[in-house]
Amino acid sequence: MLAGMTANVVFGLLRAAVLVAALKAANGEIAEYGIAATNTYVWIGQGLLGFILLWGTNELAERVRSGDVVVDLYRPWHLQSALLAQDLGRGGYAFLSRLAPPVVFGMLLFPFQLPASLMQWPLFLVSAVIALVICFACRFLIDLSAFWLLDNRGLFGFWNVASGLLCGLTVPIAFFPEWARDALWMTPFPALMQAPIDVFLGHGDPVRTLLYQVFWAVALLVAGHLVLQRAVRRVVVQGG
Amino acid sequence: MADVIYPRLIGARLRSQMSYRASFALDLVTQVLAQWIELVVILVLFGHVSALGGFTRDEVLLMYAFAGIAFGIADLFAGQLDNLPTYIRTGTFDVLLMRPLGTLPQIMVSDVRLRRVGRIVGAIAVMVYALTHVGVAWTPAKVALTIVTPLAGAVIFGAIWVVTCSVCFWIVEGREFANAFTYGSNTFTSYPVNVYSAPLRWVMAFIVPGAFVAYYPSLALLGKQDPLGLPGWVGWASPLVAALAAAVAGFAWRFAVRHYRGTGS
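Going line by line, the protein sequences match chains A and B. Going by my numbering, the first sequence opens with residue 144, and the numbers climb by one from there. Going by my numbering, the second sequence opens with residue 490, and the numbers climb by one from there.
Chain B extracted, bound-state conformation (with noise of 0.2 Å):
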């Protein structure tokens, strides 16, 4: 049943969005700019120094594409547990229990805004830019590893949105710590994670698997040694990360389902 269900809730999300066709363009434009802020901020940056953590202009350009497209498309499926607090507190979750669907799925697909495509948008085209300007030693592997980096990205991305959205189920209003994460992280995998100090790095690039979306990727892309001292077939881990996060993620999920109580009628 869910097969048809899922495709059937997002496909009727996306036609309601379209036809307000003026201001969709213009939400759509307005993340492309948010996707750009940190464009400006790096290339501001550049104007004062030749490297960053020992990473040239475009090789950082590479990181934040890839964090950007990643996501991007974490966004548009997972940005909606940011409304969970309401669900929680006006007690509109009981709704979502009694259905024979999953919990989180049905969130996923409450809302899908068709406009975050734009930050994705945004991203690719500084992607496409980076990789044309970096050198990289193409190979059928490395091709495979740029289309897999973004996705599991996206993956890495949703499993921090699950599991600090979690944190709901106890703390009603804690959407600003779970946005610490989620939007932070964004923020974090944009540069090279050499840049932050040691405590910042382990919660963010390890703890919170930060450093695989885009950090490890592009080291292996580029073909350069980790200056934090880990091997190169690290780069090829992150669907590993990715998988691990989910499960991860699904659990947390469970956990803090179990917990909740409606509020009665």
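So that you can see chain A by itself, here it is in the shape it has in the complex (with noise of 0.2 Å):
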């Protein structure tokens, strides 16, 4: 967990500094973030990576493709909820382990921002599990392509390549120019990481955030079930 730890910091002191240098730059100031909102958005950013487990694992795809997941169906549960279930009470955990010590980190070390006002550390609280709930959406959508391709790692792969940039992690969405900005606002991404962050930061309204993320966490989640409905039905089960 230490070595998880060091990784963590190391890459977030680089972002850190990249960013430091760009708005050294350009005078102290890009598109609402100066020198504290951009070291907050940066050390929240690489503790909700951890909490939201952005670059999960492949594992229930490879239970798809090795058949072991016919165990998981027949078992008297709704297996999207279970696994919904099982990623929350990692969240728990996670919280405390990946989310809180970089943030205290950043806290201690940083010029740092902290909430203007009291409410926004309980929204921001729910806006990063309604994150983590649309993270699992995402993943378990990703895992059930199983079911089609047999052999999802090429999706996998394109998901962890391109989801740090298209969900705010590498650099703010509001640094974008205006089209792909808009562009990205359509699509869940930025609902992962900068949706949390904004809320933290106080940049846009608080409650519009978390209702754009709550329409994709029920869409993706109805998604999920439904793609699952099919899925099930492709499941031949050799007697035994």
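Worth flagging that the hints you see were computed from the coordinates, not collected in a lab. Being a predicted model, the structure only gives us computed values, none of them experimental. Every residue, glycine too, gets a C-beta built ideally from N, C-alpha and C.
One side only, chain A facing chain B, incomplete, derived with CB under 8 Å:
#1 Val161
#2 Ala164
#3 Gly300
#4 Phe318
Among the chain A residues that face chain B by a calculated CB cut under 7 Å, a handful are:
#5 Gly147
#6 Thr149
#7 Ala150
#8 Val153
#9 Leu156
#10 Leu157
#11 Ala160
#12 Ala168
#13 Ala169
#14 Gly297
#15 Phe301
#16 Val304
#17 Leu308
#18 Thr313
#19 Val314
#20 Phe319
Hey, can you piece these two chains together into the complex? The hints should help.
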């Protein structure tokens, strides 16, 4: 775990340095991001990364490929709900082990922009939890693609490569040119990372941000449920 | 013997990967995109500023391209070291020790993933763009520098991989620790090193010799003064630094392997 934390902190330091260098070249502010807001953005992002588990495992897809998924399917549970419950439990622990350490690290060592009003703290917490649910729903859909593709490693790899940039982990979405910004906010990606950070920093209307997140959480969970129903019909169990 | 075995092992690896054409093509494209993520970041930032650490967009792109090619080549051969924790934990490292070949070269050719060529291709494309847009007073020496820099950089990255992965002999789950320096160095070297704070620079540019992958050679190529005050010849020293790094890596690996204890059967 200490090794993981080293990696997390090193990447945070690198990203903060590059962004702050850009800010200095732009007279201290780009798109509402000053020095303190940028450091806050980086360290909250580094924390959320492990909390929402942006880059998870491909375990369920591997079980689809090997056929072990049959065991998961004939248990008396709704597979999606059961896995979501598992992921929320993981999130509870990750909140302490993955989210808190980089945020505290950033808070102690760098200029940090704390929320202006007390209300932002619980709103951030709600937003982060919804982000976790959306991230789970996305990963679940990618896993389910294995029912059709059998080998979904191409899609899984694509997600791992592109999601960091699209969700606002690598560079704030607000830095993008307007057309790209508008296009990205039409997708669920910013709901994973940029939305909770915006709520914490007080960028934009928090209620609107949360509603946007809730919409995608519901839409993607329903999509996952429907896709699972169709996928199950494709499963052929050899007797035994 | 080794001179016949290694090409054959690599050949077998490559043939096996080419057998699933569609999957391979998708993997290759993903790797090109992976390389271009940082390119997008650079372009987005330069949408707001005209210089980063005193360097223009195309100059930064040149450093990014050098770093990308070097990292791609190193990843091709040394990326397999990321699997070292599995070898150590499951005890399969014993098998490598039994064979009459070096352990390090065996791991390096164990899984040469051809798709990683995608990273190199993506970076070369940016280098061609950057070289045609920055002002370089070309001389034969500078042409040689342009060719040697990515190769020296690859050796430096490879050495970083070997040294940091050697830690896994002590801390078995040390892969993420190693990644902080391998993948971290890729990001670090893609930007001029004077944008980083002094402590970070000391660790990642000089102790881990990241500054010699792209930054100093680029300065020499562009004929620019180092804002950090080192003399101009430093830009030509990368091959020397690479040789030194490789030697350190060799010692570190031998020292680490000696520490290895099998898990028994």
